[in-house]
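Start from chain A and add chain B according to the hints.
Protein chains in written order, with this note's numbering: chain A, 335 to 859; chain B, 335 to 859.
Keep in mind that the hints were calculated from the coordinates and are not lab data.
Treat the hints with care, as some may be off.
Identical copies look the same in the list; a pair holds intra-copy or inter-copy alike.
Listed next, the in silico SDA-like pairs over lysine to any residue satisfying Cα-Cα at most 25 Å (straight line) [said to hold, decoys possible]: (1) K449 with A857; (2) K651 with T712; (3) K449 with R852; (4) K686 with A715; (5) K449 with L856; (6) K686 with S738; (7) K618 with A464; (8) K683 with D751; (9) K686 with Q661; (10) K618 with D830.
Number of protein chains: 2
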Amino acid sequence: MTINGDLLIGATVQHGTASEFRAIDPSTGRELLPAFGAANLNDVSRACALAQQAFDTYRDTSLEQRAEFLEQIAQNILDLGPVLIERAMQESGLPQARLEGERGRAVGQLRLFAKVVRDGRWLGTALDSALPERTPPRPDLRLRKIGLGPVVVFGASNFPLAFSVAGGDTASALAGGCPVVVKAHGAHPGTSELVGRAVQAAVASSGLPEGVFSMLHGDGRTVGQALVTHPAIKAVGFTGSRQGGMALVRAAAQRAEPIPVYAEMSSINPMFMLPDALAQGAGKIGSGFVDSLTLGSGQFCTNPGLVIAVEGNALNKFRDAAATALQGKTGTTMLTPGIHAAFNDGVEKLGKAAGVTLLARGQNGTSASAGQAALFMTDAANFLANPALEDEIFGAASLIVSCSDIGQFSQIAEHLDGQLTATMFLTENDRDAALALLPVLERKAGRILINGFPTGVEVSHAMVHGGPFPATSDSRSTSVGAGAIDRFLRPVSYQDLPAYLLPAALQDDNPLGLWRVRDGELAQA
Amino acid sequence: MTINGDLLIGATVQHGTASEFRAIDPSTGRELLPAFGAANLNDVSRACALAQQAFDTYRDTSLEQRAEFLEQIAQNILDLGPVLIERAMQESGLPQARLEGERGRAVGQLRLFAKVVRDGRWLGTALDSALPERTPPRPDLRLRKIGLGPVVVFGASNFPLAFSVAGGDTASALAGGCPVVVKAHGAHPGTSELVGRAVQAAVASSGLPEGVFSMLHGDGRTVGQALVTHPAIKAVGFTGSRQGGMALVRAAAQRAEPIPVYAEMSSINPMFMLPDALAQGAGKIGSGFVDSLTLGSGQFCTNPGLVIAVEGNALNKFRDAAATALQGKTGTTMLTPGIHAAFNDGVEKLGKAAGVTLLARGQNGTSASAGQAALFMTDAANFLANPALEDEIFGAASLIVSCSDIGQFSQIAEHLDGQLTATMFLTENDRDAALALLPVLERKAGRILINGFPTGVEVSHAMVHGGPFPATSDSRSTSVGAGAIDRFLRPVSYQDLPAYLLPAALQDDNPLGLWRVRDGELAQA
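Just chain A, with the same shape it has in the complex (with noise of 0.2 Å):
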């Protein structure tokens, strides 16, 4: 399949007309082939307009055909074979077999989503029975949720397959019934065109109206803007930097009607050493961090970018090991010339911040944007004194604070911002403690790990990818996981219905088979 630069408005394909661009390979800052073409207002309008006339016949697809759509997109990226991944490779810098991985979990993510589908429990049915004998009678009620309706998704620039055209925020939101727009992001457009190409295959050969996906290329002020607050969209998923985030986050809440905006944004995902745990195993976890930091040039947003622990031996130790583990890393090349330059800035101004001490930094990369990691120390005082140094640098980077002593722990955690992780490394000796923060923990972050690294996010019932703002905009969501369906959303209460106006997941017989709460009882009969 080759690479045209084309927008993807409903099932017609045509190259955009407002400006034009070529992604960049990373490795070198060379300009890649072929030239894109932005989309401009009318685009977004015709996108839009499409998607809110797909809404009702897509909503009404039975689970089993929307399933068989998700699983037919994940067999469309399949069939893309090594093109995507090559192209991937030259707009990301990002090596095959993460890539290769990525893949795998887009599709895996994809399927999950056909799964949570089949299962029906999304639909959160609620029944409850007439009683015409009470006073005043009750009517008959039924519950079950239905989806919000056409959803922009921005692709994010950190995970080109998982969590861009086909990733995890427009798995769920299909899977939820509702059309997606795609804005793809600027760093990855062939890329970005392989996957939509998969996804408009699977809308036409899946009997589905057109509308049911678009993608988009253009810049997030213009295009972006455009999309969410264009009066046909009824959400909005995101994952990015704050400052994108924020923006798209204002303009939907100044909407006539505001929507919801689903921004993942910023977490520097403290780990807390407990004492025991440090005295136990230093040089252990230490390199074992680095591991974890360097991971993709620390390019995830679960980066572990705070590390907090109580002066003395043990916390010397770990900050030898993680030192000289890092002077081991060779930087590899970042996503985009743009993130290379933040990433450079950000070190330079922690370093620079008082109180602040380099303890290490990695070897430079050969490749023109390669991140070399950077390692920090400053002590608590002057980090709980110093908000700035609780900015996330988005890449290899870290800040050791030194406590004086445990006391301190909770404070700091209080002092945090909202976080997507939070990790305490303990051993059965530093319960006590444990048992202390760990409520603090609860109120700051969407998932709390014990002696393990935060860069890993399972695709699965449990995981919450998500946490209290600004980790995300939202903090009643995950972004990964079964669980974000339930952000594209919203409850409807039929009164009094015919059985020939009853959609299927509420007909007396129960034909779906679902689990359903019976006049307050859950019930699988």
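Only chain B this time, still in chain A's reference frame:
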């Protein structure tokens, strides 16, 4: 129990010093004793700080403890006896039977949430087993929901018991483990104090931290805004006007940390009269409609403010029956002189609107704030051309829209803003038209009724009292019924926690006997 005009801040009782005001008996326009003292910003800070301090302890209560606390509040409200009903009658102008019924509703609501808490389905527990042999290994992941944090609840004028100090928002927030700070409604401060003391006493006798509940007097622009923008507050529940609700939505969105606002605001609750239904029952439906319209002076969020029907004999008969019935209705006291004045303004404005005809007025009542019912008529073309005709008039006023053919039904439905309810009157002969209209109504309303009137709102599991903007500020939720608890929760995932750190809900042996999703399958074992 005497009413002293006090603020309830945690366990303390004190007279507010910011300003002084008295409740007004709307049936006479006269002030009632005693004087109430409004809160100052220091009072707001103290209440919010206490709520914050109470949060971790309160959310850590067992399901049984929390359920018993809710039941204790219910019992304490009942134990207030006739003094509560008498004061509520004086302050609201509502009749005794209605207020006794509403007390039953408030108490029933607290007891429903006690059951919801005990059932524990709101925890949304999910467990994914570790797969240590997989590459990469899968960690042990367990998810439960926890409360968002302290919640501000605004008492609603039109339900001084069921949607005020210990109403649906308070009950569902407390059920979810969130401390509550109530901004009492200025129209029924004495009723609020009585109920507030009942809650305060339940907090004390249940051995809970005092900050679980506070109640402040003061107006929305000062005390209300200060509460919504206080950093300790994590969510807001509100029922009232669109203007009032949107002021809170905007304030919450502009915080350094934006928080969710659940504002239930504006709905005109369209009723579509399908042709055969109208032909069969025009007279009966017409008089039933007027009973629903004038119930409680029309002061329900679900009051039927719009009727859509095809012109012709059946509509004429409906219109005449409704007009005759309306002329026989004597106006009853509205909630406040201000609401009465706003109703009169709205009726006057609608009467002067181009293309709108007054069909009938009810009788004026003897009370100073009697709401004189009003029924208007226009045609579809005029309705579609004038968005102002869609503005809610809070009170017993409704507009009939005559269509030239049934094809205009979908056009009008598409044109409408979001609604709490949408109704179809139909017979089986109207089946095709109903099937065509239903998907549009699903997109527009939180609850769809057949052959009934929307004013009754059952408190149960399958109820949705919510809907797309501007019916509410957040269509993903309901403010009435078991699902209301979901508004105040967020998911937390626990990765590889040792047993001694795991909350009971997530322990291996399922000590709470919860329904849990275990490796993707729902089970109680």
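Structure-based check of each hint:
For the identical chains of this complex, K449 and A857 are neighbours both inside a copy (20 Å) and across copies (17 Å), given an alpha-carbon limit of 25 Å. In this assembly of identical chains, K651 and T712 lie within 25 Å of each other by CA distance solely inside one copy; the values are 16 Å within and 82 Å between copies. Taking the closest pair of Cα atoms, K449 and R852 come within 25 Å of each other both inside a single copy (23 Å) and across two copies (14 Å). In this assembly of identical chains, K686 and A715 lie within 25 Å of each other by CA distance solely inside one copy; the values are 17 Å within and 68 Å between copies.
For a Cα distance limit of 25 Å, the shortest separation of K449 from L856 qualifies both inside one copy, at 20 Å, and across copies, at 13 Å. Only within a single protomer do K686 and S738 lie at most 25 Å apart by alpha-carbon distance; the minimum there is 23 Å, versus 74 Å between protomers. For a Cα distance limit of 25 Å, the shortest separation of K618 from A464 across copies, 22 Å, qualifies, whereas the shortest one inside one copy, 63 Å, does not. In this assembly of identical chains, K683 and D751 lie within 25 Å of each other by CA distance solely inside one copy; the values are 20 Å within and 50 Å between copies.
Taking the closest pair of Cα atoms, K686 and Q661 come within 25 Å of each other only inside a single copy of the chain (20 Å); across copies the shortest separation is 80 Å, beyond that limit. Only between protomers do K618 and D830 lie at most 25 Å apart by alpha-carbon distance; the minimum there is 18 Å, versus 64 Å within a single protomer.
In the structure shown, no violation is registered for any of the earlier numbered hints.
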